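Asks: Work the whole structure out from these sequences, hints included.
Residue numbers (our numbering), protein chains in the order written: chain A, 1293 to 1529; chain B, 1293 to 1529.
Hints in this document: simulated from the structure, not taken from any laboratory. Note that the structure is predicted; figures quoted are calculated from it, not measured. Hints may contain errors.
Heads up, the list lumps identical chains together, so a pair's fine if it works in one copy or across two of them.
To be verified - Below, in silico cross-link-like pairs of lysine to aspartate or glutamate (EDC-like), each with a Cα-Cα straight-line distance of 16 Å or less:
1) LYS1376 x ASP1471
2) LYS1416 x ASP1377
3) LYS1322 x ASP1411
4) LYS1376 x GLU1493
5) LYS1322 x ASP1307
6) LYS1294 x GLU1480
7) LYS1294 x GLU1400
Protein chains: 2
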Amino acid sequence: MKTLAVLVAPGMLADGATVDLADAERHHLKVRRVEGEAEVLVFDGVGNVARGIVNSRGDGVAVGVVQWVPRPAETVLAVGAGDKDRFLVLAERCTELGVTRLVPLLTERSQAVDSRFRDVALDKARRRAREACKQSENAWATVVAESCPLAEVSVRHPGLRWLLAHVGGNVCPAVARGDAVGWIIGPEGGLAADELTIAVEMLRATPVALGPAVLRFDTAAVAAAAITQDRRAATKG
Amino acid sequence: MKTLAVLVAPGMLADGATVDLADAERHHLKVRRVEGEAEVLVFDGVGNVARGIVNSRGDGVAVGVVQWVPRPAETVLAVGAGDKDRFLVLAERCTELGVTRLVPLLTERSQAVDSRFRDVALDKARRRAREACKQSENAWATVVAESCPLAEVSVRHPGLRWLLAHVGGNVCPAVARGDAVGWIIGPEGGLAADELTIAVEMLRATPVALGPAVLRFDTAAVAAAAITQDRRAATKG
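Replies: Pasting the structure below:
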C-alpha cells in the first residue's frame, strides 16, 4: 500500500528540519491510526518532497533530505464558477491532473447560480487543492486564483495560449511539453454570445471540442486537464 | 439557452406518437416551471431523438419526426467499484463523455471500502446514466453492467482492446474512430500485484499513464474517457 503522506506549510521543509504539524494533519494521522514513529511522505505543495518520521506524540515530523521537483509547465483552467461543492471537488481534481492555476471565472450565466462558488470560499478551495498533494503525490498543488471576469483573464493571467472548450470546436491542437496553456471553460448553460466574442477576439482562444456532447462545467474542466497532460506526453520536444 | 429535454423509456419513440411522461419527468417539468405547450427535445437513451410538444397537463409529449443517431464505437470503462456516491456521479459523467458501458469491477481493495458501490444500487446508477442524456444531449446513455471480477471481465465483455490506467505506464496509443476499447481503472489504492498480472497477461492490457500523479478512481475514469474521445477525434480513419 501507499506510504502515508502529510502536508506542511510552504517554506518549512529543509534537510534535517523538524516541522510541527497543523491540527488538521494531527487529526488526519489519528484517524488513520498512525501511532509510534511512522514513516511518511512530506509535501509542502510548492515542489518540495521529503521522507520523514512522525514523532510518537503525532505532532511533529523529522524530515530527511528534501527533494525539489521542478515546477511543471503552466496549465491554467479558467472555469465558470458554478455550484460551490462541485467547484471545491474540482480544486482537488486539478492538483491530481497537474493544473497549475484554477481561476473562478465570473460569467453571465454563473452569476445566476445561487449555490455558486464565491471568493469567501477561496481559503477552502486552496486547502482542498493543497490537501490533494497527499493523495495524488503531486509535489505541486494547484493555485486557486481570485475570481476574475472573462474580459480581464488575459491581463491577470498573461503569457498563455488560450483554448476554449466549445461544442462543435476543433480537435485539440498539439501541446508541447513546455507550452503554457490556458483553457476557458464556460459555466452550466455555456458562455453568452458576447462572452464567446471576447474569448475568440480578445483572448484569441482556439475553440476545442471536448467530445460531441454538452459537458457539465466540472466534467469539462477535468477532461480539458486530462487531454492537456496527454497531449504534452504525446508530443516530442 | 438550451431547449429543455425530457427522457422517455426505450421503445416508445415513433414518428408522430404521443408518449406518456413518467412521474420523475413530470416533476422535472414542474420544477423547471414548464407550463402550457412547451417545445422539448425527447431522448430515449438508445439512439432516438425527436422534437416534441409537452401537452398542457405536463403528463405527455407529442413527438415529431424521430431521428436515429448511430451507435458510437464501444468505449468500456471497468472501474474498481469504490465509494457509492462518487460511482453514481461517475455514471452521469460517462454518458457525457460517450462511454458505452460502465462495469463496476470487483477488486481486492474495492472490497475493503465500506461505502462501496454494490449491485443493489444498479438501478440508481442506470437511472443517473440515462438522466444525463438530457443535460448532455447525448442520444446514447451509458449502460451500467452488473459488477464483475477482474478475471471475468474479458469473457463477459469480449472483443475489446484493453488499456490499463497505470502510473508509470506508456503514452495512450492511437485509437481509430471504430476501435472498440476497454479501460481497466483500479480502485482507491490501486490493483493488487496479482490483479496487475491478470490485467497484463490475461487481458493483454497496455499500461497507460493518465499523467504522472496518482488519481482517484473517478478522476481516472473521467480522464480515460476524455482522452479516448480526443484520440478518436484526432485519428484519421
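Asks: Have a look at LYS1322 and ASP1307 and pick one of within, between, both or neither, based on CA distance no larger than 16 Å.
Replies: neither (26 Å within a copy, 63 Å between copies)
Asks: With identical chains, the pair LYS1322 and ASP1411 could be close in the same copy or across copies; at 16 Å between alpha carbons, which is it: within, between, both, or neither?
Replies: neither (31 Å within a copy, 33 Å between copies)
Asks: If the cutoff is 16 Å on CA atoms, where do LYS1376 and GLU1493 land: within, between, both or neither? Let me know, please.
Replies: neither (30 Å within a copy, 44 Å between copies)
Asks: Between the shortest in-copy and the shortest cross-copy C-alpha distance, which are at most 16 Å for LYS1376 and ASP1471: within, between, both, or neither?
Replies: neither (30 Å within a copy, 38 Å between copies)
Asks: What label fits LYS1294 with GLU1400 when the C-alpha limit is 16 Å: within, between, both, or neither?
Replies: Answer is between; shortest inter-copy Cα gap is 15 Å, intra-copy 44 Å.
Asks: Reference check for the pair LYS1294 and GLU1480, CA-CA at most 16 Å: within, between, both, or neither?
Replies: Result: close only across copies, 10 Å inter versus 37 Å intra.
Asks: Since the copies are identical, ignore which copy is meant and state whether LYS1416 and ASP1377 lie within 16 Å (CA to CA) inside a copy, between copies, both or neither.
Replies: within (11 Å within a copy, 22 Å between copies)
In the structure shown, a violation is registered for the earlier hints numbered 1, 3, 4 and 5, in ascending order.
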